[in-house]
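*Asks:* In terms of mature numbering (1 follows the signal peptide of the UniProt record, and there is no 0), the sequence shown is residues -17 to -1, 1 to 357.
Hints in this document: simulated from the structure, not taken from any laboratory. You may find that some hints are simply not true.
Heads up, simulated SDA-like pairs for lysine to any residue below, C-alpha to C-alpha not over 25 Å straight-line [to be verified]:
id, residue 1, residue 2
1, 79, 14
2, 226, 79
3, 190, 207
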Amino acid sequence: MMSASAATLAAASTGLAAPRTQCVFVASGTPEGIRCFEWNPATGEIVDGGIAANVSTVDWICFSPDRKYLYAACEVDSFNGKPTGEVASFRVVGGKLEQLSGQNSASKGTCHCAIDHTGRVLISADYGGGSAASFKVTDGKLSEMVWSEHYTVHGPNPDRQEAAHAHFASFSPDNRFAYVNDLGGDMIHIYTFDPETAVLKKAGAYKSEPGAGPRTLHFHPNGHTAYSMNEMHSSIDVLKWNKADGSLTRVSTTNLLPPNAPLPDPKEAPQGNTGCDIVIAKDGRFVYFANRGTDFLYSFKADPATGALTPMERTGTGGKTPRNFTLDPNEHFMLVADQNSNNLAVFARDQTTGKLAKEGKTAACPTPMCILFA
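I would like the entire structure built from these sequences, with the hints used as guidance.
*Replies:* The following block contains the structure:
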């Protein structure tokens, strides 16, 4: 791979303007925190630009709607002298992050956070403590915890579901409902919420198959379909979303693994076969899923009207144990965070067919957990 400096010199020698790069923030599950990688949108080249913020063990990052602020879920064992994780906020200054606030989450193992569409409410999910919490946001600063709930239901798997494990938080497309995926309880909890107060009220729950372990939830742009990744079954529930009451109803389930494929030994997860994450193309015609163990990206065609899935192909992730992946803003490339091989992988994407290149470029990165284009 040509380095950024080499690319600049090459452009200068031909009389062309040097390609413009942008920052890609990558959360690292190490004490080093969040890094900024320089991204060339024309070539797919990515180069480590160094530390953007010194914050420990970041599992997830997300932007405010205006992209002026970045929020982080930190899976630490204690914060401010309490046995909880941390949620932190930063002002984005080019490729650097200036910390504005840090607050205690509801319990240990804070692994995810999401900001509502107004930018005034943040929800965190705690895997270790099986809880969720909400915070008010003002000019990028987080209030102390406003609301929290500790879940008590758990599934049939004694090793992975000995207790509740909240793994993901999200908001509905119309910003009227909030959702928390509980892998340990085989449930997606549904809430209404008030953007003024950040208080959530229970509105129902979706129950997956026993032992499936719903990990993440993503809404299709058609406005009435959602996909839930079941980590422990390596499967996807295609769901109908009801705008009136926020409820989710299963339409179908798609398995990523062949029939009779061995499910993981719970004691070895995530090295076993475990579903990971979901990416939906902007036009809604293609949906991608990642699975650990096989370490593949699975590409599907999606019916734009119904969200129904048709399998296309699978592509190696370019490393071991994909944690997160995303399309670049132009959707010409797919970036993958391979957690256990300590690298990012970049795959070219055909926008017409939705297919990914079979081999990608890679860049070293310590324990990459989440990728976010600035």
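*Asks:* Each of the hints needs a verdict: does it hold here or not?
*Replies:* A quick look at each hint next to the structure:
no. : hint       : in the structure
1   : 79 to 14   : holds, 17 Å
2   : 226 to 79  : violated, 39 Å
3   : 190 to 207 : holds, 18 Å
The structure fails hint 2 only (numbered hints given earlier).
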